[in-house]
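Asker: Sequence:
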Amino acid sequence: MKNASLIALALLVCCTTASASMERSLAAFEKGDLRLAHTLLNQQHTTDYQKPLLLARIALKKDQDEAALQHIEKALAQHPNNPELYFAHVEVVAKIAEQASIFSVSGYIKKLKASFIKAVELAPDNAEYRTALIKFYINAPALFGGDKQAALTHIKELEKTAPFEAFLTRLQLAGMSDENEEFAHLIAIGQQSFATDPRFFYTLGQVYRERDQNEQALIELRKAATLKTTHWQQEKARYQALVLIGLLSKELGKYHSEGEAALRQYLEEAAYYYDLPDKSQVKFRLAELAIDSSKTAMAKQLLNEVLTETLSSQLQKKARTVLKKLART
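Going by the numbering used here, the sequence shown opens with residue 130, and the numbers climb by one from there.
It should be emphasised that the hints constitute simulated quantities derived from the structure, not laboratory data. Mixed in with the good hints, there may be bad ones.
Think about it this way: if two alpha-carbon atoms lie no more than 25 Å apart in a straight line, the pair counts; the simulated SDA-like pairs of lysine to any residue are [unchecked claim]:
id, residue 1, residue 2
1, K224, E339
2, K224, A279
3, K190, E398
4, K446, E380
Using the sequences and the hints, build the whole thing.
Answerer: Below you can see the structure in the form of structure tokens.
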């Protein structure tokens with residue numbers, strides 16, 4: 130009896146320690162200290178699904194896409210009814226598909242779509258999952274599973290639990306389907322009902338950019354970037370708007386001062402969220418703007434910071450290439 134009590138106590142201590150370590154790993158990850166999070170995770174022996182999930186996301190940041198896929202698929206084998214893992218699987222497969230050959234991309238897109246659908250089936254009230262599936266149906270070519278009618282069906286479901294998110298997806302559907310009268314009607318509703326929400330203007334800016342109306346996109350993104358926020362979803366939209374302003378100034382070949390100011394504001398103010406642009410990536414964009422403005426010294430400093438800070442091997446390679454070019458000029 131005494132031995133049984135000791136075993137139970139040992140198991141309790143072990144489980145408590147593992148839980149505390151997982152909390153430390155998650156805290157490091159959420160603060161953006163991915164190196165520390167990776168070290169802590171590798172020290173753990175746990176069946177918690179968050180371990181492979183975080184390892185996969187860290188691997189993605191390092192451009193170790195196949196390793197990320199292995200982590201997620203192993204986790205799915207152990208936790209086949211976890212919607213968060215299916216949603217993460219989408220993220221990993223999408224990145225792999227971006228670099229896949231034309232002969233293999235179709236298979237990846239099918240996997241991606243299947244995981245989107247499974248995540249929504251397992252968590253039907255999760256607005257993020259359903260919104261992402263709707264965007265897939267809107268933006269994917271019909272050959273790869275795009276389906277405007279399926280998008281509309283899911284929008285109607287989303288309206289039951291998240292009417293504002295449903296409105297934004299309906300705005301995207303109208304804008305990307307050349308339904309100009311409906312698009313104008315929804316814009317008018319948004320301007321009247323959601324004029325203080327940066328998510329409306331950020332979404333509108335995205336749609337205009339997809340329609341190759343970059344000047345109009347910039348106008349809407351400026352509005353999103355200047356609005357006050359009251360919760361993290363609005364905050365993320367404002368930060369994303371700042372990054373897009375910087376990107377558009379580069380693409381348009383003008384408004385460089387505005388683009389530089391927007392990217393600097395992002396670097397100074399943005400809290401860390403895993404699904405926001407990495408600050409090292411933003412520094413690289415800022416360096417590109419600096420080069421366009423003949424600010425060579427500033428560009429070199431930013432690129433060297435990128436080399437020190439980023440986990441991405443691809444971004445490191447880009448930064449080294451640009452630095453070599455600058456050294457020759």
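Asker: With the threshold set at 25 Å, check whether the alpha-carbon distance from K224 to A279 stays at or below it.
Answerer: 24 Å, holds
Asker: Does K190 pair with E398 here, judged by a C-alpha cut-off of 25 Å?
Answerer: At roughly 21 Å apart (the allowed maximum being 25 Å), E398 and K190 satisfy the hint.
Asker: With a cut-off of 25 Å on the C-alpha distance, tell me whether K446 and E380 pass.
Answerer: With a Cα-Cα distance of about 22 Å, the restraint between K446 and E380 holds, given a limit of 25 Å.
Asker: Between K224 and E339, is the straight-line Cα distance small enough, at 25 Å or below?
Answerer: Holds, because 20 Å separates the two Cα atoms, which is no more than 25 Å.
Comparing the model with each numbered hint stated earlier shows that all of them hold.
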